[in-house]
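A.B. asks: Per my numbering, the very first residue in the first sequence carries number 1; after that it's consecutive.
One or more hints might be untrue.
Computed list of lysine-lysine pairs in DSBU-like fashion (alpha-carbon distance at most 35 Å, straight line) [to be verified]:
1) Lys-397 with Lys-325
2) Lys-169 with Lys-125
3) Lys-284 with Lys-385
4) Lys-78 with Lys-34
5) Lys-85 with Lys-125
6) Lys-29 with Lys-125
7) Lys-118 with Lys-169
8) Lys-34 with Lys-305
9) Lys-135 with Lys-56
10) Lys-46 with Lys-135
11) Lys-364 with Lys-317
12) Lys-56 with Lys-239
13) Lys-396 with Lys-364
14) Lys-305 with Lys-29
15) Lys-340 with Lys-462
16) Lys-65 with Lys-46
17) Lys-125 with Lys-98
18) Lys-468 with Lys-317
19) Lys-128 with Lys-118
20) Lys-305 with Lys-325
21) Lys-239 with Lys-34
22) Lys-325 with Lys-462
23) Lys-103 with Lys-143
24) Lys-56 with Lys-305
25) Lys-325 with Lys-340
26) Lys-85 with Lys-98
Cβ pair distances, simulated, as ranges [what the hints assert, rightly or not]:
27) Asn-460 with Lys-428: 15 to 23 Å
28) Ile-68 with Arg-213: 22 to 30 Å
29) Met-1 with Trp-61: 22 to 30 Å
30) Asn-360 with Lys-428: 55 to 63 Å
31) Asp-121 with Ile-164: 22 to 30 Å
32) Met-1 with Arg-213: 21 to 29 Å
33) Glu-390 with Lys-340: 18 to 26 Å
Source of the hints: derived by calculation from the structure; they are not laboratory data.
A virtual CB, placed ideally from N, CA and C, is assigned to each residue, including glycine.
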Amino acid sequence: MITRFPPEPSGYLHIGHAKAAIIDEEYAKMYNGKFILRFDDTNPEKAKLEFYEAIKEDLNWLGVKPQIIENTSDDIEKLYDYARKLIEKGLAYVCICKPETIKSNRIKGIECNCRASKVEDNLEKWEKMFKVFSKNEAILRFKGDMKSLNTAMRDPTLFRILDIPHPLKGYKYRVWPTYDFATPIKDSLDGVTHALRTKEYELRDELYFSILRALGLREPILLEFSRLEMKGSILSKRKIRELIQQGIIESWDDPRLATLRALRRRGYFPEAIREFILSIGVSKVESEPTWDLINSINRRIIDAKAKRLFFVSNPIKVKLESFPKERISVNYHPDRDLGKREIKITQNLFFEIEDLEKFNLDDKFRLMGLGNVRLIQKEDLPIVKFEGFELDHRLKKIHWVNEDSLPFEVFVPLNLVQDGEINRDSLKVIRGKVEDSIKKLNVGEIVQFVRFGFCRIEANNKAIFAHK
RNA sequence: GCUCCGGUAGUAUAGUCCGGCCAAGUAUACUGGCCUCUCGAGCCAGGGACCCGGGUUCAAAUCCCGGCCGGAGCACCA
Numbered sequence: 001m002i003t004r005f006p007p008e009p010s011g012y013l014h015i016g017h018a019k020a021a022i023i024d025e026e027y028a029k030m031y032n033g034k035f036i037l038r039f040d041d042t043n044p045e046k047a048k049l050e051f052y053e054a055i056k057e058d059l060n061w062l063g064v065k066p067q068i069i070e071n072t073s074d075d076i077e078k079l080y081d082y083a084r085k086l087i088e089k090g091l092a093y094v095c096i097c098k099p100e101t102i103k104s105n106r107i108k109g110i111e112c113n114c115r116a117s118k119v120e121d122n123l124e125k126w127e128k129m130f131k132v133f134s135k136n137e138a139i140l141r142f143k144g145d146m147k148s149l150n151t152a153m154r155d156p157t158l159f160r161i162l163d164i165p166h167p168l169k170g171y172k173y174r175v176w177p178t179y180d181f182a183t184p185i186k187d188s189l190d191g192v193t194h195a196l197r198t199k200e201y202e203l204r205d206e207l208y209f210s211i212l213r214a215l216g217l218r219e220p221i222l223l224e225f226s227r228l229e230m231k232g233s234i235l236s237k238r239k240i241r242e243l244i245q246q247g248i249i250e251s252w253d254d255p256r257l258a259t260l261r262a263l264r265r266r267g268y269f270p271e272a273i274r275e276f277i278l279s280i281g282v283s284k285v286e287s288e289p290t291w292d293l294i295n296s297i298n299r300r301i302i303d304a305k306a307k308r309l310f311f312v313s314n315p316i317k318v319k320l321e322s323f324p325k326e327r328i329s330v331n332y333h334p335d336r337d338l339g340k341r342e343i344k345i346t347q348n349l350f351f352e353i354e355d356l357e358k359f360n361l362d363d364k365f366r367l368m369g370l371g372n373v374r375l376i377q378k379e380d381l382p383i384v385k386f387e388g389f390e391l392d393h394r395l396k397k398i399h400w401v402n403e404d405s406l407p408f409e410v411f412v413p414l415n416l417v418q419d420g421e422i423n424r425d426s427l428k429v430i431r432g433k434v435e436d437s438i439k440k441l442n443v444g445e446i447v448q449f450v451r452f453g454f455c456r457i458e459a460n461n462k463a464i465f466a467h468k
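Work out the full structure, taking the sequences as your base and the hints as a guide.
C.D. replies: Right under this line is the structure:
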């Protein structure tokens, strides 16, 4: 079994691409086959050099490892040969009608005069496409069926003229094949046995096989699956570009997006993405999974690895009285041995104001890792008095930081789409103080801020929230 | 509009091809309880679904017909 993942190098990969790539790879693995990464770079107007590398990087991070990496643009000459064969067989013709005419004829199901021209004329015009004609003056079309109910069969375009440099080939070619022509031939030539693609291509199956049959080439098995949508997210390249232009989001790795780069920034593990994709499966059912599904998988994976740290939002200064020790030692994890950190007990501590407000004067509660305290003054500078170390499960427990704690920001991505509308306020910034042991951790580490959630450290003063 | 493809709990899926073991399994979410130095994890329990209508059959989530709803395609993009 040989499968292939054919992204166009015109943007960053998102979780929808991950679905295709992972399914392709898993199928090949299951049958001890091969998996090909093919850059579908037949449109020099869209392909950009940076994306070839970016896509490889992202796939590598995802843990998807192709055995073969190739570009459709490496085989343009072969595709020219097949085009010529088709013309010689009278199965393709050069159309010199105006684009508008072609369009309206297609809608009406009318054949144009070019379709009736002789093979020799077509061959001559085909040659002229390389030198004489310019863009929009001539295209090579497949002789399908202008009356077919399947509009993909109404003499689709096989080659068009594009006078723009290609990121890999420069000005070497100006006649470029379309997806509809390049894909079946490449698949067949590459030995692809099972070509998987998303549902919106279903109507093109007939064309795919017609081209292969016309050329006498081996026919792979075509399989389609539904496109992945995520609740509250935007995957469309076009729409993301608009959002960036409008300044609503910052970049392609904005944590509100579902690009692989964004997921990585938030602390999603590749294993979680894979498990999630496999749980979704390959059916044609249109579904819109919620983030809960992937979050719970990711949580299971990172729960064991994430150090627990105290981050206090909306801090309020509170005086601590009668504490007998100068420093305490607190484990990084409740049940895994991830080490511990020393915390200096300063005269004043900081609590979350929301926590403090819930307590009444004389209430007893516990400062996690430190001990039990009683609130003996609530106004002005609140004061708590130490009352002992012994654990009492009935006591409410809160987290806290000391005076050496550092200013810190957590970026919390919310749904970018809410009730069908773009939510402009979808990136919440929560400011607060974090214990200074954050300095010992590395950028990229996943932590759990106690009673807050899992976050990935982005800098020594900033983290991005993944999920609860 | 025409054509094609879908429709199982709130969400995502298993089961549909080859009808019976499905008074429908699992995950997630939710609710309650236990446990816990986190609002995290873990454990236990609970409610919750076969789009509708006909037909075939001893038997239908599964096969057939009709309808309804949803999505996609109709480019010199992929």
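A.B. asks: Run every hint past the structure and note whether it holds.
C.D. replies: A quick look at each hint next to the structure:
Pair hint Lys-397 plus Lys-325 holds up; C-alpha atoms about 20 Å apart against a cutoff of 35 Å. Distance restraint check for Lys-169 and Lys-125: the Cα-Cα separation of roughly 24 Å lies within the 35 Å cut-off, and the hinted pair is therefore satisfied. Distance check on the hinted pair: Lys-284 and Lys-385 sit about 63 Å apart at the alpha-carbon level, beyond 35 Å; violated. Taking the CA atoms of Lys-78 and Lys-34, the gap is about 23 Å. The hint holds against a cut of 35 Å.
Restraint check for Lys-85 and Lys-125: the C-alpha separation of about 14 Å stays at or below 35 Å, so the hint holds. Distance hint between Lys-29 and Lys-125 is unfulfilled; the C-alpha atoms sit about 46 Å from each other, more than 35 Å. Between the alpha carbons of Lys-118 and Lys-169 the distance comes to roughly 33 Å, so the proposed pair stays at or under 35 Å and holds. Taken as a hint, the Lys-34 and Lys-305 pair is honoured in the structure, with Cα atoms around 33 Å apart against an allowance of 35 Å.
Restraint check: the Cα-Cα separation between Lys-135 and Lys-56 comes to about 32 Å, which is no more than 35 Å; the hinted pair holds. At roughly 16 Å between alpha-carbon atoms, Lys-46 and Lys-135 fall within 35 Å of each other, so this suggested pair holds. With a CA separation close to 18 Å, the supplied pair Lys-364 and Lys-317 stays within the 35 Å bound. Distance hint between Lys-56 and Lys-239 is fulfilled; the C-alpha atoms sit about 23 Å from each other, no more than 35 Å.
As the CA atoms of Lys-396 and Lys-364 are separated by approximately 8 Å, the hinted pair is consistent with the 35 Å bound. About 29 Å separates the Cα atoms of Lys-305 and Lys-29, which keeps this hinted pair within 35 Å; it holds. With a CA separation close to 22 Å, the supplied pair Lys-340 and Lys-462 stays within the 35 Å bound. Pair hint Lys-65 plus Lys-46 holds up; C-alpha atoms about 25 Å apart against a cutoff of 35 Å.
Annotation: proposed proximity of Lys-125 to Lys-98 holds, straight-line Cα distance about 15 Å (limit 35 Å). A hinted pair counts as satisfied when its Cα atoms are at most 35 Å apart, and Lys-468 with Lys-317 qualifies at roughly 26 Å. Between Lys-128 and Lys-118, the direct Cα distance comes to roughly 15 Å. Compliance with the 35 Å bound is thereby established for this hinted pair. At roughly 30 Å between alpha-carbon atoms, Lys-305 and Lys-325 fall within 35 Å of each other, so this suggested pair holds.
Of the supplied pair hints, the one linking Lys-239 and Lys-34 holds, its CA atoms being roughly 34 Å apart against a limit of 35 Å. For the hint linking Lys-325 to Lys-462, the alpha-carbon distance of about 31 Å falls within 35 Å, and the restraint holds. Using a Cα cut-off of 35 Å, the hinted pair Lys-103 and Lys-143 holds, with the two alpha carbons roughly 15 Å apart. Straight-line distance between C-alpha atoms of Lys-56 and Lys-305 comes to about 27 Å, which keeps the hinted pair within the 35 Å bound.
At most 35 Å may separate the alpha-carbon atoms for a hinted pair to count; Lys-325 and Lys-340 meet this at roughly 17 Å. Proposed proximity of Lys-85 and Lys-98 is supported: the alpha carbons are some 25 Å apart, at most 35 Å. Take Asn-460 and Lys-428: their Cβ atoms lie about 21 Å apart, and the range 15 to 23 Å holds. As the Cβ distance of Ile-68 to Arg-213 is approximately 26 Å, the hint placing it in 22 to 30 Å holds.
Distance hint check for Met-1 and Trp-61: the Cβ-Cβ separation is about 25 Å, which falls inside the suggested range of 22 to 30 Å. At about 30 Å, the CB distance of Asn-360 to Lys-428 disagrees with the hint of 55 to 63 Å. Remark: the range hint 22 to 30 Å for Asp-121 to Ile-164 is upheld by a beta-carbon distance near 28 Å. Evaluation of the 21 to 29 Å hint for Met-1 and Arg-213 yields a pass: the beta carbon distance comes to about 22 Å.
The hint said 18 to 26 Å for the Cβ distance between Glu-390 and Lys-340, and at roughly 20 Å that hint holds.
Hint violations for this structure: numbers 3, 6, 30, all remaining hints satisfied.
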